[in-house]
Amino acid sequence: MIETRGIVVSNKPVARAIYQIEIETEQFEPRKPGQFAMIGIKDGDFHLNRPFSIYRQTSNKLTFLIQKRGTISKRLIKKRPGDKLRIIGPLGNWFTENQAVVVAAGSSIATFGDFIEKDGSTVFYAAASKDDLININVDFLSTMDGSFGFRGNLVELFKAKFEKSDKRSIYLAGPSGFIKAFRDSVDKEIIARCYVSLESYMGCGFGVCQGCTVNTKNGYKRVCKDGTIFRLDEIIL
Amino acid sequence: MIGIKVAGLNFSNPFIAASGTFGYADSCLDFYHPDSLGGFVLKGISLKPRKGNPPGRIIETPSGMINAIGLENIGIEHLVSEKIPFIETLKSVAIANLYGESEEEFIELAERINKIKRIDAIELNISCPNVKTGGMQFGVSSKMTAKLTKSVKNVSLKPVIVKLSPNVTDITEIAKAAEESGADMVSLINTVSAMVIDTKKMRPALTNRFGGLSGPAIRPIAVRMVYQVYEAVSIPIIGGGGITSADDALQFTMAGATLVSIGTYNFVSPASIPEIIKQFENEVKKTDYPYSDLIGIAHR
Chain A
44 MIETRGIVVS NKPVARAIYQ IEIETEQFEP RKPGQFAMIG IKDGDFHLNR
94 PFSIYRQTSN KLTFLIQKRG TISKRLIKKR PGDKLRIIGP LGNWFTENQA
144 VVVAAGSSIA TFGDFIEKDG STVFYAAASK DDLININVDF LSTMDGSFGF
194 RGNLVELFKA KFEKSDKRSI YLAGPSGFIK AFRDSVDKEI IARCYVSLES
244 YMGCGFGVCQ GCTVNTKNGY KRVCKDGTIF RLDEIIL
Chain B
8 MIGIKVAGLN FSNPFIAASG TFGYADSCLD FYHPDSLGGF VLKGISLKPR
58 KGNPPGRIIE TPSGMINAIG LENIGIEHLV SEKIPFIETL KSVAIANLYG
108 ESEEEFIELA ERINKIKRID AIELNISCPN VKTGGMQFGV SSKMTAKLTK
158 SVKNVSLKPV IVKLSPNVTD ITEIAKAAEE SGADMVSLIN TVSAMVIDTK
208 KMRPALTNRF GGLSGPAIRP IAVRMVYQVY EAVSIPIIGG GGITSADDAL
258 QFTMAGATLV SIGTYNFVSP ASIPEIIKQF ENEVKKTDYP YSDLIGIAHR
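As you go down the protein sequences, you meet chains A and B in turn. If you want the working numbering, it's the position in the first sequence, counting the first as 1, plus 43. If you want the working numbering, it's the position in the second sequence, counting the first as 1, plus 7.
Source of the hints: derived by calculation from the structure; they are not laboratory data. Certain hints may be false.
[What the hints assert, rightly or not] Derived SDA-like pairs: lysine to any residue, alpha-carbon spacing no greater than 20 Å straight-line: (1) B/Lys208 to A/Tyr244; (2) B/Lys55 to B/Glu115; (3) B/Lys55 to A/Thr114.
[To be verified] One-sided and incomplete, this derived list gives chain B residues near chain A with beta-carbon spacing under 10 Å: (4) Gly27; (5) Thr28; (6) Lys58; (7) Ile66; (8) Ser148; (9) Gly222; (10) Phe274.
Even glycine gets a Cβ: it sits at the ideal position worked out from N, Cα and C.
Same shape as in the complex, but just chain B (with noise of 0.2 Å):
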């Protein structure tokens, strides 16, 4: 098993599941343990509950989907009373995924976590697409960015981790404004802003017109983005995006992601996941180097 640690945690491997594909560390228990992962990101969860878009969310598009689910969720609340009662029996990394409208509910929800011993770490969640107000609007603009994560380092007793959002320019930019307000981690990409038009009904087939598009379909656009953020930044990157093999996996972490995060998959074929984990670490044991020096190896 590669064990790696992190921000000073401690990951059994480098595999987590990606916020909104693994729910409340719950879903997959017909499947496998959630402790076959090294980690997990919980669902987004915000101060009250959500009770997301309408009916017409997703759909599936060449080599992916699209969704516009809009951070349904449970509220903190619920997620104290209900879910952490089970993510305490567990023992890999739990990570919270917060999603506030304003700064100010990002602080609260921070100094919530910070009581939740259970809870590992928390990523803030600055590049949903598919809300009207926080989400990508922060994560879409380095000035907001810095803002925000330098207010959530302030109060977090937490390592922080910031998730980017590829609908921008430059992405480079954002990592580094996240990394100089002292980010523990990023971890990306959230998916691609996209839409289907159906052009039977002559109108757009999500009911949110635009949604989140993810799976193998914008592997090689966040190959390219943990590159990239590879060469800018020092903090360790999670990578992610349409994994569903140990190759996949193996793509991101010569790119330069020390944790990478397994998403839409999760939907498709769960059971496969703690396969691919010892594929992967069967790879790497095939390459003759250690874990830590083929992070980033493609840049030499």
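Bound conformation, chain A alone (with noise of 0.2 Å):
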């Protein structure tokens, strides 16, 4: 793990909302799958650096999907190539197995960039829209309003696709409200096989300012530092 100076490469739009980010960093230690970068924006004032999911990298190009949400995604999306950002990481645990079934909603597909169009992978993907989607190919895809794809929530499309004979691990991705809808309504059998990347604001996102724990039943953890992959079921949300 480093601090180091990115360079933006390009920066376009590949969603309604999401850009996808090109950064060459000085030099960057392969990332492991599913773990995550604090982003800094070297702009004159003073901001805590955000996380985001490394989504591809190639030796010390690291590719980014942002969606627009906040005061620093708003900014981060505007960069231009040349551009200078703060660069802090690998960070994070990582997903140990390389063939899974991995459950993304929206952005959140960003954590999956090494599951994409990988043999071996099952990917579930959904978005509100046909506009919201990233042109990837994935097993299983929905729409909330039918515009692509199975029509229905995350969740449903999960329900109605999965084959319970399957025994491989499932990762998970995306806000909480689809996580606690995921776990309230899967079998436990499947939940027991579950592993969830948490979102989570974060201060520092290398540990050391205790400021983005969540609850879990062996007592508060660190999103940035135990985690962000924990077991679905040791979570409490």
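Dock chain to chain to rebuild the complex, using the hints, since each chain is given by itself in its own frame.
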């Protein structure tokens, strides 16, 4: 893990409110599946860095999917080639199996860059509507309004298409509302095989500020350092 | 390098890492070695481990952040068994930050620290705004500050630093009470009590409702308080609040701080801290004054 300078190589919209930003760093350890980086803007004023999954990596070139959401993401999507950013990473724990069932809501698909279009993995992906989907090949896809793929939410899609005989690990990522709904409506036997990459408001990203804690059956845990990946049946949402 | 001796302790430079932003001196290892600093203050420690406040503990605010961690820590026993062995390998001044809910607890902590050779000094946390008992309860009263400082001084074999709260009417009164009771240094400022309301959820943004504001937003308040305390006491001052550059640090020096502390910036750009120290030394050189003459020079 290092703190390094990143230079924007490209930045383009890939869905209605999602931008794909490519950043070249001075040096960067190969990230493992599911790891993230803290991105900081260096425009003179003070801001905390923000956590983003490293969607793809080719040596020192990192790709992120940035969803237009708050102050920092709105500034990040306006960055142009040559602009400088602060990058700290790679951070967090990682998915240990490279063949799994992955279930991603919206821009959280960025967590699973290593599983998309890969043999041996099955991808469930959902967004609000067709315009919110990034252009990738997945196994099962749904939109809330039915404008593309299965009509319904991700939990409904999963319940309709997942085969119980499938004994692989199941990896989830998405907002806490989705995680809760998934946990509350899927069989316990399946939940026991689920791991979730949690989102959290983070101060530092490397375990020192203790700001991003989540409640678990084993007490408070730091999402950034003890996670971001936890057993679904361990966390208390 | 600007080496400086304060309260009998040798600091290789005037920079220390503030409590709660540096873990147990092991959090910065990926970015720089702790010996790059003159000293560091460990995460606030209590007799028993504390789990801290429920999640929803931090939020960014204009030029700063509010935290309500609630002094989550591993407790003194784990500090000794798990963290001190690493700290023993370091050369920088190691300061333990003590948090007790009562005077008795502070005394017991100080006695336990007496036995840890590698801890060079103790800082009394009488200014944490995020805990229900102890903490700021002591630090907002001159009388209680004096009583606690005296009691700890009676038992401690190490220099005692009192960390002051800005959440008071007159910080100089508290600083004087600490000095008169034998404090070897005062450190200021701790975070400023603050809150944010989430207007969508129509409730406080932090689960604890209130938290402590830190970062550049509080720097002018901190500089003002260091300036005032410098005029009120003659013991050395550790000054800090929103330092992110050499020039920020120099403001504290000129206001009267012998040592400066970096807090929130440890979260944002840890790797730049050795560079800030280097730049600070260059800035000091450029003034043509010896470092000791720059301390409080703004009072001329």
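A quick look at each hint next to the structure:
1. For the given pair, lysine 208 of chain B sits about 16 Å from tyrosine 244 of chain A by alpha-carbon distance, which is consistent with the 20 Å threshold.
2. The hinted pair formed by lysine 55 of chain B and glutamate 115 of chain B meets the criterion: a straight-line CA distance of about 12 Å does not exceed 20 Å.
3. Restraint check: the Cα-Cα separation between lysine 55 of chain B and threonine 114 of chain A comes to about 39 Å, which exceeds 20 Å; the hinted pair is violated.
4. The interface hint given for glycine 27 of chain B holds, since its Cβ lies 8 Å from the closest Cβ of chain A, which is under the 10 Å cut-off.
5. Using the Cβ-Cβ criterion of 10 Å, the hint placing threonine 28 of chain B at the interface with chain A is satisfied: the shortest such distance is roughly 7 Å.
6. Taking 10 Å as the C-beta cut-off, the interface hint given for lysine 58 of chain B holds, the closest approach to chain A being about 6 Å.
7. Because the smallest distance between the Cβ of isoleucine 66 of chain B and any Cβ of chain A comes to about 7 Å, under 10 Å, the interface hint for this residue holds.
8. The interface hint given for serine 148 of chain B is violated, since its Cβ lies 28 Å from the closest Cβ of chain A, which is over the 10 Å cut-off.
9. Against a cut-off of 10 Å between C-beta atoms, the interface hint on glycine 222 of chain B holds, since the closest Cβ of chain A lies about 6 Å away.
10. With 10 Å as the threshold, the beta carbon of phenylalanine 274 of chain B comes within range of chain A, its nearest partner Cβ sitting at about 4 Å, so the hint holds.
Violated hints, listed in ascending order, are 3, 8; each of the other numbered hints is respected by the structure.
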